[in-house]
Amino acid sequence: MTKMKKISEWCYRNINVKIFLAVAIIFVLFMILVLPQVAEHSYEVTGTKSSPDTSFYYTASILYEIAEAYGEQGRVYYISSRFTFDVIWPIVYGVFLIAALTFVYQRISIESRWRRIHLLPFVGVGFDFLENIGASIVMARYPKTTPIIAELTPVFTLLKWISIYASFFFLLVGLTLWMVGFFKKLQSNTKRM
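So for the sequence shown, my numbering puts the first residue at 2; every next one is plus one.
Keep in mind the hints are simulated off the structure, nothing from the lab. Among the hints, a few may not be true.
Unchecked claim - Dumping the calculated DSSO-like pairs for lysine-lysine here, alpha-carbon to alpha-carbon at most 30 Å: (1) K50 to K145; (2) K19 to K4; (3) K19 to K186; (4) K7 to K19; (5) K19 to K185; (6) K19 to K6.
Could you put together the complete structure from these sequences and hints?
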C-alpha cells in the first residue's frame with residue numbers, strides 16, 4: 002500500500018461532519034480576521050500591494066522589481082512572514098480543502114480513482130512552500146541576482162494556484178453531484194409515498 006493511499010484511507014476513516022465543520026469555521030475565521038490584517042500590515046511595511054504570493058503568474062524580472070519596491074525593511078518583513086504566517090495559512094487552507102473534498106467525495110465507490118482527488122490540496126500546499134522558500138531566497142540576496150531560483154519561483158506560484166483552483170473546482174463538482182444525488186433520492190422517496 003502506498004503512503005498516499007494510506008493517507009487517503011486515513012482521511013476517509015477520520016474526517017466526519019464535526020471535523021469538517023470545525024475546519025471550515027477555522028478557514029472562514031482566518032479569511033475574515035487574519036488575512037485582512039496581514040494584508041494591511043504588509044502594505045504598511047512594504048508600501049505596495051504587490052506580492053509574488055497573490056500573483057497568478059509573474060516573471061523573475063517582476064520578482065526583482067517587487068524586491069526593489071519593498072526596500073530593505075520590506076524584504077526583511079516579507080521573509081519573516083513567509084516563515085510564520087505563510088506556514089500557517091497553507092496548512093489552514095490545505096486542511097480545509099482536504100476535509101471538504103473528503104467529506105464530499107466519501108460517497109463515491111472505494112474503487113473509483115476520483116476518490117483520491119481529496120489529496121490534490123497537498124500539491125498546492127507543497128508548491129506554496131516551495132514558492133515561499135524561493136521568493137525568500139531572492140529577497141534575502143537582493144540586489145544580487147539569484148538565477149534558477151528566481152526563474153523557478155514563478156513556476157511554483159503558477160502550479161500552486163492551478164492546484165488550489167483545481168481543488169475548489171473539484172469541490173464544486175463534488176457538491177453538484179452530491180446535490181443531484183440528494184434530490185434524486187428525495188424525488189424517488191416522494192414517488193413511493
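Can you confirm whether the C-alpha distance between K19 and K185 stays at or below 30 Å? 26 Å, holds
K7 and K19 were given as a pair; does the straight-line alpha-carbon distance stay at or below 30 Å? Distance of about 22 Å is within 30 Å: holds.
Against the 30 Å threshold, does the CA-CA distance of K19 and K186 hold or violate the hint? Holds, at about 24 Å.
Is K50 close enough to K145, meaning Cα to Cα at most 30 Å? Satisfied, since the Cα-Cα distance of roughly 23 Å is no more than 30 Å.
Check whether the Cα positions of K19 and K4 lie no farther apart than 30 Å. 26 Å, holds
Given hint K6 paired with K19 - CA-CA distance at most 30 Å: 23 Å, holds
The earlier numbered hints are all upheld by this structure, with none contradicted.
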